[in-house]
Amino acid sequence: MSSSPQPGDASNDPVTDQTGRFVRQPNGRVRPLSPHLQIWRFHITMWGSILNRGAAIGLSFGALFVVAWMVAAACGPDAYATYTGLMGSPLGLLIWFGITVAAAYHLTAGVRHLIWDAGSGLSIKGADTLTWISIVAAIVLAVGFWAALFLSGKVVL
Amino acid sequence: MSKPARFVRNVKVSEREGAGEWKAERLTSLILVPLALWAFASAWTVSGAGYDGATGWFRSPVNAILLAATLLISIWHMWMGLKVVVDDYIHKPSTRTALLGGIGLLCLALAFASVFFLVRLALGSAPLPAGLGA
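Protein sequence lines, in the order shown, are assigned to chains F and B. Each residue of the first sequence is one higher than the one before, starting from 2 at the first, in the working numbering. Each residue of the second sequence is one higher than the one before, starting from 9 at the first, in the working numbering.
Some clues are possibly wrong.
Label pairs and their computed distance ranges (CB to CB) [unchecked claim]: (1) F:40 <-> B:13: 25 to 35 Å; (2) B:64 <-> F:126: 32 to 42 Å; (3) B:35 <-> F:32: 24 to 34 Å.
Just so you know, the hints here were simulated from the structure itself, not pulled from any lab data. Don't be surprised by glycine CBs; every beta carbon is placed ideally from N, CA and C.
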């Protein structure tokens with residue numbers, strides 16, 4: 002490994018470093034700073050992680066829509082018709098499609114995490130495969146669900 | 009910080025509530041897997057079913073209990089997840105405390121609202137005179 006730093010290499014010494022590549026951690030130790038996003042080569046597990054956090058935040062908003070649905074139902078037929086009218090509009094359907102995609106991916110990515118927590122699929126290839134499966138399965142679940150909703154006539158645009 | 013670190017099988021034992029929260033994250037995830045699948049099936053049932061379809065669905069005790077479990081466990085899971093997001097990106101202690109307080113209050117409000125409206129719907133209580141859409 003010719004590229005590994007040599008002992009005494011001044012460019013790699015946190016004491017004399019002037020490039021800002023080292024940070025003092027809260028525990029007082031000096032550690033190299035992680036390379037930032039533009040340095041990373043994008044890989045699928047990175048996307049899996051970013052999308053999972055995005056889905057989680059999306060679902061937090063989705064919870065508001067679910068509770069709003071219960072409020073509308075508890076307020077009688079007129080309120081319920083107003084709610085379903087709004088949610089049946091193109092924008093409303095887009096919001097619910099987004100909630101469906103977020104729920105489906107957070108579910109499949111969550112199962113992926115549980116598999117990892119159990120100690121399986123932790124090789125690079127295994128982790129990549131699990132991430133691809135979770136993304137494809139989520140798309141199939143969400144798109145299939147909405148295709149069935151439209152085909153059965155339960156939802157009309 | 010005064011206590012010496014404890015180790016079990018060469019793994020450091022968490023000093024505060026970290027281990028409990030880690031377990032709670034996995035426990036809620038595990039329970040939410042079947043509940044999420046049930047929620048997809050339920051969404052299929054109530055979609056396009058109208059007011060009578062929805063209120064009829066709520067009056068089934070199985071649906072009411074499963075929905076209460078889904079919502080309350082989801083909100084608990086959501087609270088732990090959002091806390092991690094704030095911990096990751098917000099470094100200023102005062103902003104962090106304020107945000108966590110706000111999110112905590114929102115989660116509590118969501119949990120109370122879920123139970124309140126769900127109980128009314130499950131018991132078939134009279135529509136609330138809120139005048140929404142009336």
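**Study point:** 24 to 34 Å as the expected CB spacing between residue 32 of chain F and residue 35 of chain B, which holds or is violated
**Key:** The hint (24 to 34 Å, Cβ to Cβ) holds, given that residue 35 of chain B and residue 32 of chain F are roughly 32 Å apart.
**Study point:** Cβ separation of residue 40 of chain F and residue 13 of chain B, checked against the hinted range 25 to 35 Å
**Key:** Holds: the Cβ-Cβ distance is about 34 Å, inside 25 to 35 Å.
**Study point:** Distance restraint evaluation - residue 64 of chain B, residue 126 of chain F, Cβ atoms, bounds 32 to 42 Å
**Key:** violated, 49 Å
This entry does not satisfy hint 2, going by the numbered hints stated previously; all others are met.
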